[in-house]
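Residue-level listing of the chains:
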Amino acid sequence: MHTRAYLALCLSLLIIFTPALFRAPAKANDPLKEVSLVIDIAKRNLTILNNGQPWRTYPVAVGMAATPTPVGEWAIIQKDRDWGGGFGTRWLRINVPWGIYGIHGTNKPSSIGAAASAGCIRLQNRDIEEIYRLVRVGTRVHIVGPLAKTRVTSPQSMGQSGQDVQQLQLALRERGFAPGFLDGRFGEATRAAVAHLQRHYGLTVNGRADDNVLILLGLRR
Amino acid sequence: MFKRVGIFILIALLIGAGLYHRRPPRTEDYLVDPTARLDPALHYRITVWIALPVIATAEAYRSDILQVLADFSALEGSITVETLFVADHLLKERLAAALAAGTPPDLVLDTAEAQINYGELQLPLGRYLTKLEKENYSPSSLAQASFRGAQLGLPVGFSPRVFLASTGVLQTAGLSLENIILHGWTWEQFLQSVAASTSKARPGLVLTNVGTPLLQTLAASLGTPSPWDSEGRLNWGEETLLALATIGHQLARTQSGAEPSSATENALALFLNGKAALIGPLNPPLTTWLHHEARARKLTLSVLPVPSLQGGAFTDMRAVNLIAFRQRSRQRPDHERMVAELAKYVAPELGQVLGEHLSFIPPHATSTPRTDIPWQSEGEAATNMAFALRTPYRLGGEGAEKMADWEAALEPLWLSLMKGELSPTDFSQQAHSVLEQLGP
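If you read the protein sequences in the order shown, they are chains A and B. Take 1 as the starting number for the first sequence in my numbering and just add one per residue. Take 222 as the starting number for the second sequence in my numbering and just add one per residue.
It should be emphasised that the hints constitute simulated quantities derived from the structure, not laboratory data. Note that the coordinates shown come from a computational prediction; the quantities given were computed from them, not determined experimentally. Backbone N, C-alpha and C fix where the C-beta goes; we use that ideal spot for every residue, glycine too. One or more hints might be untrue.
Output of the computed footprint for chain A on chain B, the stretches with three or more beta carbons under 8 Å from beta carbons of chain A [claimed, not checked]:
hint : segment
1    : 273–281
2    : 431–442
3    : 483–492
4    : 503–515
Assemble the whole structure, with the sequences as input and the hints as a guide.
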């Protein structure tokens, strides 16, 4: 009788705990939630954020003074591998509207940590391979660095893109209007922010960054 | 038989009386009981929603408002005020949702909205004030806070529309700024000064808006800010519409001679670079911005009220109000009294905060800004606008209701008028028939 009860108890415990025995052990600090990348131009490093918290940091090479890395809030729009040469083993393109920029590997590992690229972010091949596995198309990439303020020469409207639009987005954000990401693309969020500013100042609300909007934001005199 | 009928009638009467007492009270006959006993054993929790505009001093604005509310809590002891700051462009929608759910906050201050009547769940505050307390408010502000004879809100600030003129414009037209400030002026005088300051090289006037906000300002200057009165009768007959259209047409024609909208989109640069002598209508944020910008460019400007038809009668001087609500599930008279006490205490103090941060004009005598600064000096726009308040100007009629509806309906016609595609007569006839179809 005792033996039967003992066997029944063991069987029950086995049924309860078997799934746990076969579950893969969790990796320490495994990024299971929202992944985004922050690249700090001054510190020359790339940090993976896991749900907004720093998870792992890698050294990078950034653009030279004449070909600066584009500061802004971007997204990955393409994942590719084995381009070879200066691009190394992996390529992650970001959605900068005024050129082709990406995060990639290298065939010059000694350049990592320097301002050496034509504007792209360069990493050791093993590092970019790890990052490649963790990100997807759409992952946000925030490139932090000085964003020189310049005058905007002409009115901006829905559908336009470029550095003038990014200047507009920056100025809107600094004054408390929410233009969406600083990605140089005049989309719905930027239009809504411009309309909000026009309503606030009692101007004609057309969602277009006309001369009045540019002068109010200090982008034109 | 008669006994049975009698019992039936008695039951019917009892049911009827019960239903009568359970009916939701109408706003205008629902009153706060100023004698309701505040229970010392109770802790009152009052929720307040405040519109948060996009301003450089948003943090200081927020902290000043919290301080005003905290002062009352400290005084009363038995209350906690929970304050929620909501972006000003989202507050209207959020409040509508809360009202539909029957759970509005106790108090709301929407600085972007002149609406005064919110229906069933609104708690009228006017009759809670004593006669003496009412006398401390500008009569124009109290008039704007009333609807169908009941004073619903407590005025907190005036948001006037004004024009700015370069110094010398009025002298050229033979007008005295002091007279205008003290006695008002007419559209005829306004157009006369525009004409006098117009040259081939420099247009007299640039408009900041040629759409329905301009129509709204013109309507206010005629003493009829809303197409309908509070009883639903049409305020804007063909004659009024023709007067509005004639002024709008004249303003559009005097503006730089170009397509109205292109000059309007460049209005600030034209004015600041000396290529236009007058600019408007301007709301307080834009007036303040232009004042600061003009000072940086060493320009001297004069703040002018919006003219009226007869002069000194009406102007566009909208009041914003503190509005109180009761929730469907919480209608204790003592809670409502506490809300009213809080509103009464903070309204003048909030007026001061709005004056400081938004350049609104306080409507309360105790918070009127200093008047010792000469209005011609380089003083702040708010001070200058405060002088405009001392003219006999006021916003005519009752607060504009359902503005968004009539604006959307009239906008295409108004823009056609401003572009010169419609004559003032055609506009007045077509707009009249649109309004008749739309109804209040």
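These are the hints, each one checked on the structure:
Requiring three or more residues with a Cβ within less than 8 Å of a Cβ of chain A, the coverage given for the segment 273–281 of chain B holds, as 5 such residues are present. Check on the segment 431–442 of chain B: 3 of its residues sit with their Cβ under 8 Å from a Cβ of chain A, so the three-residue criterion for coverage holds. Only residues whose C-beta sits within less than 8 Å of a C-beta in chain A count toward coverage, and the segment 483–492 of chain B has 6 of them, enough to reach three; the restraint holds. For the segment 503–515 of chain B, the stated coverage by chain A holds: 5 residues have a C-beta nearer than 8 Å to a C-beta of that chain, and at least 3 were required.
In this structure, none of the earlier numbered hints is contradicted; all agree with it.
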